[in-house]
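Trainee: Next come the chains, spelled out residue by residue.
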Amino acid sequence: MLPVNAPKQKNKMYLLDTDTITHLHSGNLKVKERLIKLDDPEVGITIITQVELLRGRFEFLLKAANSSEILRAQELLRTQTLLTNLLIVPFNEASVSQFDRLKTTKGLSKIGHADLLTASTALANRLLLLPEICGIFAPFLV
Amino acid sequence: MSQISITEEVLTLEEVAGYLRLPLETVERQARQGRIPGRQIENDWRFLKAAIEDWLRSKDSRLALIEQAGALADDESLPELRRTIYAARKRPETEK
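From first to last, the protein sequence lines stand for chains V and Y. With our numbering, letter number 53 in the first sequence gets 53, and the count goes up by one each step, no holes. With our numbering, letter number 36 in the second sequence gets 36, and the count goes up by one each step, no holes.
So here's chain Y without its partners, still in its complex pose (with noise of 0.2 Å):
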């Protein structure tokens, strides 16, 4: 049986700021809001280079959440659902 070998490039901070032509401290702070796709590993930041590209190619992320308006128009019980964890958080929605 014939053995498939697949290897991914795995990134250090310093590199995918040289790859994304970025300083240093801008992909630190993009990927600690999870705006880069990567793992902090207690002091130190990894990241798979194919999850860089694929996150280069994607689109924004206001485009993707304005995609998704009505997409749950036909449930019936995403109000309820909303009362439900604002009464969980005992306090009223603000958004009306």
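So here's chain V without its partners, still in its complex pose (with noise of 0.2 Å):
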């Protein structure tokens, strides 16, 4: 869940996986109310999420077996107007060199994919990860 009371330091900003976001959309209170009660103004998701949501909704629709399913489909194509007018933090340099020094550390050889570049984004630009699963590559953080 999002900390309500978590720590405001300089500079920083909040990054939403892609669960606290499909909650957020699927109208989930509790993620609004904590949402509204966080103290920086700044919060976005990465280039992860809005691939993983994107992926999803193709798919959605390529594997529709009938015409109301299609439509239906279709229609739910709309993620892509809203993740337009969310801020979406891209990979830089500084995250993707993250991100090759996170893949050959000792210890994080079982952590997916996925989950290590959303964490790459969130160490190489301070960014508080919520849900916390950032919290594991804490000991890594330069």
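Don't read these hints as lab results, they were simulated from the structure. One thing to keep in mind: the hints can contain errors.
Which residues of chain Y face chain V? A few of them, derived with a C-beta cut under 10 Å, are [said to hold, decoys possible]: (1) Ser77; (2) Pro79; (3) Arg82.
The model shown is predicted, which means the values in this text are computed figures rather than measured ones. For glycine and all other residues, C-beta sits at the position ideal for the given N, C-alpha and C.
Dock chain one against chain two, each of which comes alone in its own frame, and use the hints as you go.
Mentor: And the structure:
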């Protein structure tokens, strides 16, 4: 869950992971309320979340088995419009370097590719990742 | 046929810092994080002045998120989408 009383650090912003944004979109009031209570006006998502959500939408359309499913899947492509209005933190030299470092770091071999990419973005830009899976990466923060 | 000439002013990092009256380092950090719209071309940054002005007028990113609460409340496929994403990540979701 979003930490309401997370310590605020200078130049910090929050980064929502994919599960949180989907809960927000589905109308989860707890996520919305905690978002309101965050003291930082800057909250974004990663390109990984963007890709995961859009890939899901595209696959849903491609697998639609009948006319109603096709039309429903097409209608749900409005996710693209929603994402357009959000702050999406891009990869940069620092985050890809962080990724190269993390993927060869002992103890992180079981961490999945998408999680490593998300954590790399958070670590390189000093962002607070929510939910806080990023905690396991703290010892590797440079 | 008349030709319409559209010119869009392109600013350097230094010019954006001056325009926004912010330290150069702040503007560069914000641009790297995607918070200020700009393009990095090798070691240099370039910004469209119109994009900077649009960004200045825009609402903050948290408000944009809050306004999307429940936007897909009618989407019965959302839980399955989430399950598929976290199955691919090979771990359970953290947010409940």
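Trainee: Are the hints correct? Go through all of them and say.
Mentor: For each hint, the structure was consulted:
no.: 1; hint: Ser77; result: holds, 6 Å
no.: 2; hint: Pro79; result: holds, 8 Å
no.: 3; hint: Arg82; result: holds, 5 Å
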